[in-house]
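J.: Single-letter residue listing:
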Amino acid sequence: MLEFLNYRFMKRALLAGNLVGIVAPLVGVFLNLRRLSLIGHALSHVALAGVAIGLFAGFFPIYSAIIVSIIAALAIEKLRRDYADYAELSLAIILAAGLGIATILINLSQRSAGIQSYLFGSISLVGSRDIYIILFLTLIIIAIIVKYYYGFFFLAFNEDEARLAGVPAKPLNIIFMIVTSLTVALSIQIVGTLLIASLITIPVATGMLLGKSFKMTIFYSIFFSLISVNSGIILSFYYDLASGGTIILFSVLLLLVVIFIKKVFNIN
Amino acid sequence: MKVLEINNVSFSYEKEVVINNVSLEFEKSDFAAFVGPNGSGKSTLIKMITGNLKPDQGEIKIFGKSINNYSDWSRIGYISQQVRDFNQSFPATVREIIASNLYNKMGFLKIMNSKLEAKIIKALELVDMKNYLNRKIGNLSGGQQQRVFIARMMVNDPDLILLDEPLVGVDIRAQDDFYQIIGEINNNLQKTVIMVSHDVNLISKQANKVICFDNGEAYPHDSGDFSYQNYIEGLRDTSIRIIPEHGH
Numbered sequence: 001m002l003e004f005l006n007y008r009f010m011k012r013a014l015l016a017g018n019l020v021g022i023v024a025p026l027v028g029v030f031l032n033l034r035r036l037s038l039i040g041h042a043l044s045h046v047a048l049a050g051v052a053i054g055l056f057a058g059f060f061p062i063y064s065a066i067i068v069s070i071i072a073a074l075a076i077e078k079l080r081r082d083y084a085d086y087a088e089l090s091l092a093i094i095l096a097a098g099l100g101i102a103t104i105l106i107n108l109s110q111r112s113a114g115i116q117s118y119l120f121g122s123i124s125l126v127g128s129r130d131i132y133i134i135l136f137l138t139l140i141i142i143a144i145i146v147k148y149y150y151g152f153f154f155l156a157f158n159e160d161e162a163r164l165a166g167v168p169a170k171p172l173n174i175i176f177m178i179v180t181s182l183t184v185a186l187s188i189q190i191v192g193t194l195l196i197a198s199l200i201t202i203p204v205a206t207g208m209l210l211g212k213s214f215k216m217t218i219f220y221s222i223f224f225s226l227i228s229v230n231s232g233i234i235l236s237f238y239y240d241l242a243s244g245g246t247i248i249l250f251s252v253l254l255l256l257v258v259i260f261i262k263k264v265f266n267i268n
Numbered sequence: 001m002k003v004l005e006i007n008n009v010s011f012s013y014e015k016e017v018v019i020n021n022v023s024l025e026f027e028k029s030d031f032a033a034f035v036g037p038n039g040s041g042k043s044t045l046i047k048m049i050t051g052n053l054k055p056d057q058g059e060i061k062i063f064g065k066s067i068n069n070y071s072d073w074s075r076i077g078y079i080s081q082q083v084r085d086f087n088q089s090f091p092a093t094v095r096e097i098i099a100s101n102l103y104n105k106m107g108f109l110k111i112m113n114s115k116l117e118a119k120i121i122k123a124l125e126l127v128d129m130k131n132y133l134n135r136k137i138g139n140l141s142g143g144q145q146q147r148v149f150i151a152r153m154m155v156n157d158p159d160l161i162l163l164d165e166p167l168v169g170v171d172i173r174a175q176d177d178f179y180q181i182i183g184e185i186n187n188n189l190q191k192t193v194i195m196v197s198h199d200v201n202l203i204s205k206q207a208n209k210v211i212c213f214d215n216g217e218a219y220p221h222d223s224g225d226f227s228y229q230n231y232i233e234g235l236r237d238t239s240i241r242i243i244p245e246h247g248h
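In the order they appear, the protein sequences are chains A and B.
Mapping of the first sequence onto this note's numbering: residues 1 to 268, in sequence order.
Mapping of the second sequence onto this note's numbering: residues 1 to 248, in sequence order.
Heads up, some of the hints might be wrong.
[To be verified] List time: in silico SDA-like cross-link candidates among lysine to any residue, alpha-carbon distance up to 20 Å:
id, chain 1, residue 1, chain 2, residue 2
1, B, Lys54, B, Glu217
2, B, Lys136, A, Ser213
3, A, Lys212, B, Ser89
4, B, Lys209, B, Phe63
5, A, Lys212, B, Asn134
6, B, Lys209, B, Ser23
[Said to hold, decoys possible] Here are a few chain B residues that face chain A, going by a calculated C-beta distance under 10 Å:
id, residue
7, Gly77
8, Ser80
9, Phe86
Keep in mind the hints are simulated off the structure, nothing from the lab.
Quick reminder that beta carbons are idealized off the backbone N, C-alpha and C, glycines included.
So that you can see chain A by itself, here it is in the shape it has in the complex (with noise of 0.2 Å):
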C-alpha cells in the first residue's frame, strides 16, 4: 500500500511537499489577515515570469524565480505606499506586468514544453538539487517568522497603531513581503504557479473557522495544508493527476467539510 515510498521521486515530492505545506499556510496567515491574499496571486504570476527567464536563458528557473518575485514583491510594497487607498491596484500592475514577460518569452522559449509542469505543479519535477533549496528556503522563512512574530502579529491587526506604538512597520513589511516572495517561488514545483495562491489562502481559510488564538489559527492552517498536500501528492501518483490541482481540490474538500461540521453541530 505504501509502494509509492519505493520511489525515489516521491520521496522528493513528499518531503518538498510537507515543507511548502508548512510555510505556505504559516505566511498565509498572516497574509490573509490583512486582506492581502492576493499578494500570493500576483506573485505567483512574476514568479512564472521569473520560470520563463530562466527556461529562456538556461538558468535554473527556481532561482530565477526568486529573485524576480523578491524585486516585484518589493516594487508592490512600494506602490502599496504610493496607492495607499487602493492598496489592490498594485497587485493588479504587478500581476498584469508579471503575466506579460512570462507570455513573451514562452512564446520565444525553445523549451516551452516543460512549461507545463510549473503552471500546474508536476512531482516528478522535484530534483534532489531542489530539496535542498526548499529546506534552506523553509528554515529561513521559520526563522523569520518566529523572530519577527509579534511585529507582523501587530501589524496584521492595525497598522496604524502598530506604527505608533513603535513597532518598525516599513523594515518590517519588507521583510514580510520577501518571505512571501519566498514562499511563492519554492512552492511553485509542487502546486504550480497558478495555484500557489491557493494554498497560502484556502488552508487559512479553515484554520479560521476554527481557531480561537492566533496561534491556534496558524496550527490548524498548517495541519489542514498537510493533510492536502500529503493526500494530493500520494493520490497524483495512483491516478496520474497533476499534483498541484489535486492539493487544491482537496483543500476545499476540508473546507467545505469544516464548514458543514460547523452547521451541523453548531460550533462557534
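Add chain B to chain A, keeping to what the hints say.
T.: Just chain B now, kept in the frame of chain A:
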C-alpha cells in the same frame, strides 16, 4: 523635571499654518484636555509629540530630552482614533493583543518570558479584565475591548499617556467607564495624561488643564468656572477662567 515641553512650535501642511508658535508645559500627574474645532491643530500637535510629524520650527522636549534624540518610546502610551479600526473576526486572544505591544521589550529573539507574562496580567488587573486573558477579542463587548486597549497601552507602564479622540462613536456608559479608568491611572499612578476630545463638558470634569485650540493657536486655561458658552468666548481669552478648580 517637566514631562513634556513644547517651545514655540510651528507646523504647516503645504502653505497652510496648522500650529502657530505654540508653547505649552506639562508636569507629572497633569491631566490636560486638548479641545477645539476640527482642523484647529490638536491632533497635529499630538502627532508631533509621538514623533510622527516634525515641527517646522521650535522644539519639543520629552522628559527633558529633545524629541530629535528621544528613543525610549515605550514610556509614551498612545491610543488613537483608529483603535477600533480592526477586523472584529480577527482570531486573536486578549493575551496576544497585549503581548504584541511588548514587541520592543522582547530582546533580540523576540520571545515572551515569565517577566513579560507577569506584565500582561498586571495590565489586565489594572482594567479589571484578568479573567478575559484567553478570550477572543472579537467576542468581547465594545466597552471590554476598550479596556483591553487601555491594558495594551499600560503594559509598558508609560509615564506620558496620549489619547487622540479615543471615544468617537462610543456609547455614554463606555465613555464613563473609560474616564473612570483613565482617571484612576492619572490619580493613583501619577501618570501624565493628554487627551484630545470634542466633548468639552465631559472632559473638563476630569482635566486640571484645558488647552483650547483655535486656528493653530493654543490657549491654556488652568482653572475657572467652566461652561460651554464661555468656552466659546474664552477660546481666545486666557484671562477668562473657564475650568472649575477641583481636587487634583
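J.: If a hint holds in the structure, say so; if it doesn't, say that too.
T.: Evaluation of the provided hints:
no.: 1; hint: B:Lys54 x B:Glu217; in the structure: holds, 17 Å
no.: 2; hint: B:Lys136 x A:Ser213; in the structure: holds, 6 Å
no.: 3; hint: A:Lys212 x B:Ser89; in the structure: holds, 10 Å
no.: 4; hint: B:Lys209 x B:Phe63; in the structure: holds, 19 Å
no.: 5; hint: A:Lys212 x B:Asn134; in the structure: holds, 9 Å
no.: 6; hint: B:Lys209 x B:Ser23; in the structure: holds, 14 Å
no.: 7; hint: Gly77; in the structure: holds, 9 Å
no.: 8; hint: Ser80; in the structure: holds, 6 Å
no.: 9; hint: Phe86; in the structure: holds, 5 Å
In this structure, every one of the numbered hints holds.
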